[in-house]
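Student: Here's the letter readout for the chains.
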Amino acid sequence: MKLELRDVSKRVGADIHIHETSLVFEPGAFNVLLGATNAGKTTLMKLMAGLDMPTSGQVLYGGVDMTKAPPQERNISFVHQFFINYPHLSVRDNITSPLRLAKVRPEEIKRRLDETADLLRLGPMLDRRPHELSGGQQQRCALARAIIKDSSAVFLDEPLANLDYKLREELRSELPVIFSNRGAVVVYATSEPAEALMLGGYTAAMYEGHVSQFGVTSEVYRQPANVNAAQVFSDPPLNVAQIEKRDGKVNLSKQFNWRARGVAADLPDGAYTLAVRPHFVRPAADESAQIPLHGEVRVTELSGSESVAHFNLGKDIWVSQSDGLHPYKVGEQHDFYLDDTRCFFFGADGRRVV
Amino acid sequence: MKTENPRAWFLVLPVILLVAFNALIPLMTVVNYSVQETFGNNVFFWQGVDWFEQILHSERFHAALGRQFLFTGIILAIEIPLGVAIALAMPRKGIWVPVCLILMALPLLIPWNVVGAMWNIFTLPDIGLMGYGLNNWLGIEYDMTQSPLAAWVTIVVMDVWHWTSLVVLLAYAGLVSIPDAYYQAAEIDGASKWSVFRFIQLPKMKQVLTIAVLLRFMDSFMIYTEPFVLTGGGPGNSTTLLSIDLVKVALGQFDLGPAAAMSLIYFAITLLVSWIFYTIMTKESKE
Amino acid sequence: MAKIKLDNIRHSYFPNPKSDDDFALKRVHFDWEDGGAYALLGPSGCGKTTLLNIISGLLIPSHGKLQFDGQDVTRLSPKDRNIAQVFQFPVIYDTMTVYDNLAFPLRNRGVNEAKIDAKVREIAAMLEIEDMLSKKAAGLSPDNKQKISLGRGLVREDVNVIMFDEPLTVIDPHLKWKLRSKLKELHQQVKTTMIYVTHDQTEALTFADQVVVMNFGQVLQVGTPQALFDCPEHTFVGHFIGSPGMNVLPAQVKDGQVWVAGQAVEVSSSLESLPEGKLEIGVRPEYVRISDTGVEATVRNLMDVGRHKVLETLVGDIKVHVVLGENQQVSSDRVHLQFEPANTRLYAEGWLVDLQHEFEEV
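Residue numbers (the working numbering), protein chains in the order written: chain A, 4 to 357; chain B, 336 to 622; chain C, 64 to 425.
Any given hint might turn out to be false.
As the list claims (entries may be wrong) - In silico DSS-like links for lysine-lysine, alpha-carbon gap of 27 Å or less: (1) A:Lys332 <-> C:Lys239; (2) C:Lys89 <-> C:Lys128; (3) B:Lys539 <-> C:Lys199; (4) A:Lys318 <-> C:Lys245; (5) C:Lys198 <-> B:Lys539; (6) A:Lys332 <-> C:Lys254; (7) B:Lys528 <-> C:Lys198; (8) C:Lys245 <-> A:Lys332; (9) C:Lys199 <-> C:Lys182; (10) C:Lys241 <-> A:Lys318; (11) C:Lys199 <-> B:Lys618; (12) B:Lys539 <-> C:Lys142; (13) B:Lys528 <-> C:Lys142; (14) B:Lys541 <-> B:Lys528; (15) B:Lys528 <-> C:Lys199; (16) C:Lys199 <-> B:Lys541; (17) C:Lys66 <-> A:Lys332; (18) C:Lys199 <-> A:Lys318; (19) C:Lys198 <-> C:Lys178; (20) B:Lys618 <-> C:Lys198; (21) A:Lys332 <-> C:Lys241; (22) C:Lys254 <-> C:Lys128; (23) C:Lys198 <-> B:Lys541; (24) C:Lys382 <-> C:Lys317; (25) C:Lys182 <-> B:Lys528; (26) C:Lys178 <-> B:Lys528; (27) B:Lys428 <-> C:Lys182.
To be verified - DEER-style ranges, computed between Cβ atoms: (28) C:Pro78 <-> B:Ser482: 37 to 43 Å; (29) B:Pro514 <-> C:Asp180: 29 to 35 Å; (30) C:Thr232 <-> A:Pro295: 36 to 42 Å; (31) A:Asn78 <-> C:Thr232: 32 to 38 Å; (32) A:Arg249 <-> C:Arg363: 48 to 54 Å; (33) A:Asn260 <-> C:Asp180: 42 to 48 Å.
It should be emphasised that the hints constitute simulated quantities derived from the structure, not laboratory data.
Remember, it's a predicted structure, so these values are computed and weren't measured experimentally.
Glycine included, each C-beta is placed from N, C-alpha and C at the ideal position.
Just chain A, with the same shape it has in the complex (with noise of 0.2 Å):
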């Protein structure tokens, strides 16, 4: 069953909270929306859930339209960010409850039970109440109780956001282990690049309201279609500077020019934005990052494996990542190396120049 949206949008008052937007999910990978705070991806997700109306379009499941059906006629699952379960029940309880409202066999309910609880790990916590539980295990609850259904989709509102670090870290893997083989589609929200990559599968992304880009992750990863869909997914952020095409080269300021290669020898003279990840801005020289960028060390993060240096270039701030330690300075004045055959350009309709 595959979940369509068609043109759909939602206005509150003169705000447009989500501009119309068409996009179909499969079942098999997970689908995911990634975008900041307010980029629209809870509303987006609650307007396929059936919580909200559309102010226009359709929502169509399986080609069957849906859009006035309320949710508990769609056979759906929702995981809140904070976790949700009923207090007063067992987990037991918890996980089996939709089951039991669809008056579903009791053999029936226990097999899955066994299976659900065994695939989330929960089989000595059945007893428990939610409260004695930790972070982690209560949310595991809230996904055994979303998929112990056999829905034909499951919605997952950014449901790790509240988990330390590492929980976090492992939940996410575990996940799509989780949701393989059962034909559901599965939409998933976040913020978080990194967790989107890791997800894999399609994803959306959201920026303000819009659908920049819709594809395979690794792909709207690696060909954003616009600026918006490139910074969405950039963690630490993208760098960004206006430049100029002249004469075969590519002029950033009166300071930083370079002959252009790659994609940028072929673009027609004009002026551009460029975009370049982090990663491909390194603090020396090697056999792709050939271009030098000089400039004053403001900030440095360095973390064991990897060292951060927030620079000024020109009026700008750039950021270089690199791999291994790197010791930056504050207040010095560094030359910083940039690949720029890995760089985007954008004209100025904000569309990725190819």
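Put chains B and C on the given structure of chain A with help from the hints.
Tutor: This is chains B and C only, laid out in the frame that chain A set:
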């Protein structure tokens, strides 16, 4: 859930009918009476706004209204600060919390005419504990049926005893919702107890205090049972508050027209003052 | 500014603790130099908040002493210790303007208005909130509110240490890095001792010069981000730091060699005088290679993380991650793993076995 469902209206229908019968229709009846004159036997003479004019110019009405505002003003001035002070003093954690909450709730559970009767007996100069005690042990001359001052003091004290608990419970609810971190930060900032009250506790209680003030205003403005059972409006008409006067006109004199007009004016004043109060108190949160 | 000395601090929430399990903090004993940026890193329930509250004075430890610059402050109130704290959610005085919020701690201490004005403006400029000074604090966004919380700590000149209790919890994800960098920048400017408590390794490692990794109420390792990454002294530290964390596999020692899943593996630890206990090897995904020989593993998932790829494999039923280059492909579902000897370490009962001489850092 914002899904439109027209069937939901049917669920509201019984309530609509109930409100119509119990409120709207009687209200319309009162409006009807307020613009007519009747001597009974279902014979009506159109009076237009005559009753309204008469009431609004009546000295008796002004006096009752004045007494009412005075009463409400005193009540609010005492109960709100007192309620907040008690709430501040109540423990926020531990075994005494439920005990205190129950003690505070007790006065609110007593039927209002019983409250009036209780205080009536309590203040009798010959057999009431307070009446006898004030007269004989403390040497204060106290007789509610003779002295308007004594009557006023008594109805005020009775209302404070009866209703301060409501303010306490509301303020307490506001106080316990303040996270510990605020007190810790204030301690680190070196704030005095007064600063903590002024900058942390009071602002965070603002919403519940708005409700408390509004409720106490409306209730005390409309108050009838307790003062009536206690003093009957006397001595003379010194404690004849607006509602008591209204009942005298309507049932005592059977002047239905003026009584109806007075009811409506009463209603309008209550609504207006409530609205003013509410607007002022919520103005800041809209900025 | 203060040198902080934690002297055999232990804490139990029970009045009569009987065993180690009754202690929320088992034993903390080390020094923090003046002016440094430190982090307390660990999962929920590891004891870091207990330790933070002991340092700030909101909790008195059941055992042990705390000293600031040689002075015993164990029982002093927070106010008398001259500390500042930024909480998980912004704590500001709603009714005051930003200016008044920042001036509040100074006014309470009787500083004269001219000095207050100068200091408030200086700190506001540092935090980049000068254009908001006359606005009501209540209407600002969470990250600006947190800046005000921080500002109240910075205006006071006598602050010994500023503590941060998971301060980025309520900040929008796309603003987190900005505030994080700002905190780092501020530390580099102000040089006050700062202690940052978090469960997020990125926050801890990017902010701190030295990180204290905690779990089970114990300090497992204190070190620079580099040391924690290169040489974790406990398997938990290795696993907790790094994304993905260190791979830990059970091992045996036979005939002077280390064996993992039936394969001989070279390690950097010394095999002489091995301590008793369960043996494991730890190796970071960055130091695992795919080759034709080595430990057998089944491929579970290949994730494209943008800058590089992460291969998730199973050795027996243990997950082993491998970091691969951006364009590397994996064709089959059975692979052989090689571990770089210099970065493969041996652990006994979770603790690092001493390195061989040639592998020790100079």
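Student: Mind listing which of the numbered hints don't hold for this structure, in increasing order?
Tutor: 18, 27 and 28
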